[in-house]
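Trainee: For reference, the chains in residue letters:
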Amino acid sequence: MVDELRTGERRPLARLLTRIENGDPSVRPLLPELFAAGRGAHVVGITGPPGSGKSTLVNALIGEWRRRGRRVGILAVDPSSPYTRGAILGDRIRMMDHAADRDVFMRSMASRGELGGVAATTWIAAAALDAAGFDPVVVETVGAGQSEVEVARLAETTVVVEVPEMGDEVQAIKAGLLEVADIIAVNKGDRPGADRAARQLRAMLSTAGGRVERKPPPVLVTTATTGDGVVALADAIEKHRSSARSPVAARERAASQVRRALADLAAQRAAVDEAWDATVQAVADRELDPMTAAERLLEG
Amino acid sequence: MTSSEASGPPIRVLIAKPGLDGHDRGAKVLARGLRDEGFEVIYTGLRQTPEMIADAAEQEDVDVVGLSILSGAHMALLPKTVKLLRERGMEDVLVAAGGIIPDADVATLKEAGVAEIFGPGTSIGQIARYFREHVKRA
Chain A
1338 MVDELRTGER RPLARLLTRI ENGDPSVRPL LPELFAAGRG AHVVGITGPP GSGKSTLVNA
1398 LIGEWRRRGR RVGILAVDPS SPYTRGAILG DRIRMMDHAA DRDVFMRSMA SRGELGGVAA
1458 TTWIAAAALD AAGFDPVVVE TVGAGQSEVE VARLAETTVV VEVPEMGDEV QAIKAGLLEV
1518 ADIIAVNKGD RPGADRAARQ LRAMLSTAGG RVERKPPPVL VTTATTGDGV VALADAIEKH
1578 RSSARSPVAA RERAASQVRR ALADLAAQRA AVDEAWDATV QAVADRELDP MTAAERLLEG
Chain B
483 MTSSEASGPP IRVLIAKPGL DGHDRGAKVL ARGLRDEGFE VIYTGLRQTP EMIADAAEQE
543 DVDVVGLSIL SGAHMALLPK TVKLLRERGM EDVLVAAGGI IPDADVATLK EAGVAEIFGP
603 GTSIGQIARY FREHVKRA
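Just so you know, the protein sequences line up as chains A and B, in that order. In this text, residue positions in the first sequence follow the working numbering: the first is 1338, and each later residue adds one. In this text, residue positions in the second sequence follow the working numbering: the first is 483, and each later residue adds one.
Rather than coming from a laboratory, the hints here were simulated on the basis of the structure. No experiment lies behind these values; they were computed from the predicted model shown. Wrong hints could be hidden among the right ones.
Restraint ranges, calculated between C-beta atoms of paired labels, are given here [said to hold, decoys possible]:
# : chain 1 : residue 1 : chain 2 : residue 2 : range
1 : A       : Pro1387   : B       : Met557    : 36 to 44 Å
2 : B       : Asp574    : A       : Asp1601   : 28 to 36 Å
3 : A       : Ser1593   : B       : Val588    : 49 to 57 Å
4 : A       : Ala1604   : B       : Gly603    : 52 to 60 Å
5 : A       : Asp1438   : B       : Val511    : 28 to 36 Å
6 : B       : Lys565    : A       : Pro1419   : 37 to 45 Å
From the three backbone atoms N, C-alpha and C, an ideal C-beta is built for every residue, glycine too.
Take these sequences, add in the hints, and give me the full structure.
Mentor: What follows is the structure, given as structure tokens:
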């Protein structure tokens, strides 16, 4: 299977991504081989509020990476409707510049019930793109609520894209958002207030508590539509790559991945457990607390 | 019946605008409607060539390709798109078309592999039902 991926043929990779997305049981035996075949792609998360121009910025970055001879894989995650399970996967439309380029592979993924902005299987899909020889592998998600934290766990370098009118500083300090950023890009740099927003962010980040041991993330100004600042952004991402691979960072990331896999495993086991319905009902009837319920399901 | 009541993963649909149409309100209305019916919808945007559509369909491994075309160039573009899809190994992808396509051309298009043509006035529900009934899942 890995050999198929390495031929550069798109169809085997696309079919594998479908099986991964659908949680097909045939994927599980492939995982050791898939991870071993990883060539150490730089996993770059790009997140930020809707309307910040993430997809357009990714499109511009792809152009720059291609100029640098890189083969780029992109997973673009959009939220599924919690009511209908449907989704509009609206990122590809911004990247049609690269439609014909065989060294760019872009896959849209719906979050399928995950609330954290990434799909449950995004981390496996990223491994498949790595095994297929794409580097960097970009994971683009909508940042809303705490979802930036999810993509930061998955990615080695997380870029948070902001807009100049990001509102007052309190909003920007929203828990988790700026803590998880390795790089901040204030996009739509042609709008008034972009430079000032960048200055405010830099000032705030240099004094923010909890960053005592860490350098504050660089704050760049970009204009995705014209390409201004994109070279500097690509440089900053490249520069971050080595610190993302420090032993401490690598361990933290590995711990996140294992925690994620544990959570998925527990959820899968629970879903097929015969005792699931009765156990959940007991909690709903307040006969059982959720923790005891969870222990019983794990042991059962 | 919505896709959420059906078993199996959501159906993935590519909505594409081949050729030089300048208007895509219909395609966008369809995309949103299909989302409400439980489909995962990727919309390519305007001015797509058959090659771009086949490239996108290949990477996204969609179950359905919906071609929306108003310009009258359907006879030139739709069969070519189907041909490219099949050449790239997507033999089972359901190809449907909509927009402004005269009745006289429907038979030829179906022979070329377009499974169904949905003219103006077709309801989203009809299209959703058709897709659900005719999608081939591997």
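Trainee: Each hint needs a verdict: does it hold in this structure or not?
Mentor: Against the structure, the hints:
For the pair Pro1387 of chain A and Met557 of chain B, the beta carbons lie near 40 Å from each other, so the given range of 36 to 44 Å is met. Between Asp574 of chain B and Asp1601 of chain A the beta carbon distance is about 29 Å. The supplied range of 28 to 36 Å therefore holds. Checked against the given bound of 49 to 57 Å, the beta carbons of Ser1593 of chain A and Val588 of chain B, roughly 54 Å apart, stay inside it. Distance hint for Ala1604 of chain A and Gly603 of chain B: a CB-CB separation of about 44 Å, inconsistent with the stated range 52 to 60 Å.
Restraint check, Asp1438 of chain A to Val511 of chain B: a C-beta distance of roughly 31 Å satisfies the suggested window 28 to 36 Å. The given range of 37 to 45 Å is respected by Lys565 of chain B and Pro1419 of chain A, whose C-beta atoms sit roughly 39 Å from each other.
The structure shown violates just one earlier hint, number 4.
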